[in-house]
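**Student:** Residue numbers for the sequence shown follow the numbering used here, so the first one is 1 and each next one is one higher.
Treat the hints as calculated values from the structure; they're not laboratory data. Worth double-checking, as some hints may not be accurate.
Stated by the list, open to error - Now the in silico label distances, taken between C-beta atoms and shown as ranges:
id, residue 1, residue 2, range
1, Trp-160, Trp-30, 21 to 29 Å
2, Ser-16, Gly-142, 35 to 43 Å
3, Trp-160, Trp-190, 18 to 26 Å
4, Val-184, Val-28, 39 to 47 Å
5, Asp-143, Gly-117, 18 to 26 Å
6, Ile-45, Phe-132, 37 to 45 Å
What the hints assert, rightly or not - Calculated pairs, DMTMM-like style, for lysine to aspartate or glutamate (alpha carbon to alpha carbon, straight line, at most 25 Å):
id, residue 1, residue 2
7, Lys-102, Asp-143
8, Lys-52, Glu-69
9, Lys-194, Asp-227
10, Lys-208, Asp-186
11, Lys-52, Asp-72
12, Lys-102, Asp-72
13, Lys-208, Glu-183
14, Lys-102, Glu-55
Where a beta carbon is used, it is the ideal one built from N, C-alpha and C, also for glycine.
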Amino acid sequence: MGGPRAVTSWRPYMNSALSLFDHLRSKVGWDFEMLHDVHERIPAIDGVWLAKEVEQYRLFFLEDLFTPEDQDYFRQVRQICTTPIAMGELWSNPHEIIPMVKDRLVDFIRIHVSRMGGITPCRKLAAMGEMFGVRTAWHGPGDTSPVGHAANLMMDLNSWNFGVQEYAIFGERTQEVFPGCPEVRDGHMWSNGKPGLGIDIDEELAAKFPHSEWGFGGAWNEVRRADGSIVRP
1 MGGPRAVTSW RPYMNSALSL FDHLRSKVGW DFEMLHDVHE RIPAIDGVWL
51 AKEVEQYRLF FLEDLFTPED QDYFRQVRQI CTTPIAMGEL WSNPHEIIPM
101 VKDRLVDFIR IHVSRMGGIT PCRKLAAMGE MFGVRTAWHG PGDTSPVGHA
151 ANLMMDLNSW NFGVQEYAIF GERTQEVFPG CPEVRDGHMW SNGKPGLGID
201 IDEELAAKFP HSEWGFGGAW NEVRRADGSI VRP
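Using the sequences and the hints, build the whole thing.
**Tutor:** This is the structure:
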């Protein structure tokens, strides 16, 4: 479940999210996992409150509660609740991550592999997490390339402390351009057993599908809220 849209105010968003969790637990039950991504779009002190309030619903993890520059607030979260915390797609330097893992302030590392420098530094961070009880949950949304997903899968298969993997379902054209895409069946991602990452790219075919411009001038989402204030990037 995703976090707040940019045009919303954060407090109605938080109340709505809590109502959703309550409805799902009361109507569907406890035999399934819930994950929620805040997208660091709320004030840090409200994030502390939210982490405490969602504890009763036993989320698998609560993601991106704070921005990297506000991550000292995770210490307050640890003092008041046991809500599992995921963080990482916004990090771009191992030195941002090491104290968070060493001090056990996060439970899942959500690093984007290419942003962190590739497989080697991420594998080292995964090994560090193993020593501190921190599991992996590599960043793998729909705008990650099939090569990125293949890299995630290889690290999943080589990490004792694997936690969970975000993945995308590839369309037919994407699978044609990237022969060897990881397959997803019954909620699991499967390697094809080929050497390396097991994936290739057909550059000639890729040229037939040029990249199209995104909306919002290339922004990920709306850049202003309903009241006109600027949304944090």
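**Student:** Starting from the hint list further up, note which numbers the structure goes against and sort them upward.
**Tutor:** The structure breaks hints 2, 4, 6, 7, 9, 10; every other hint is satisfied.
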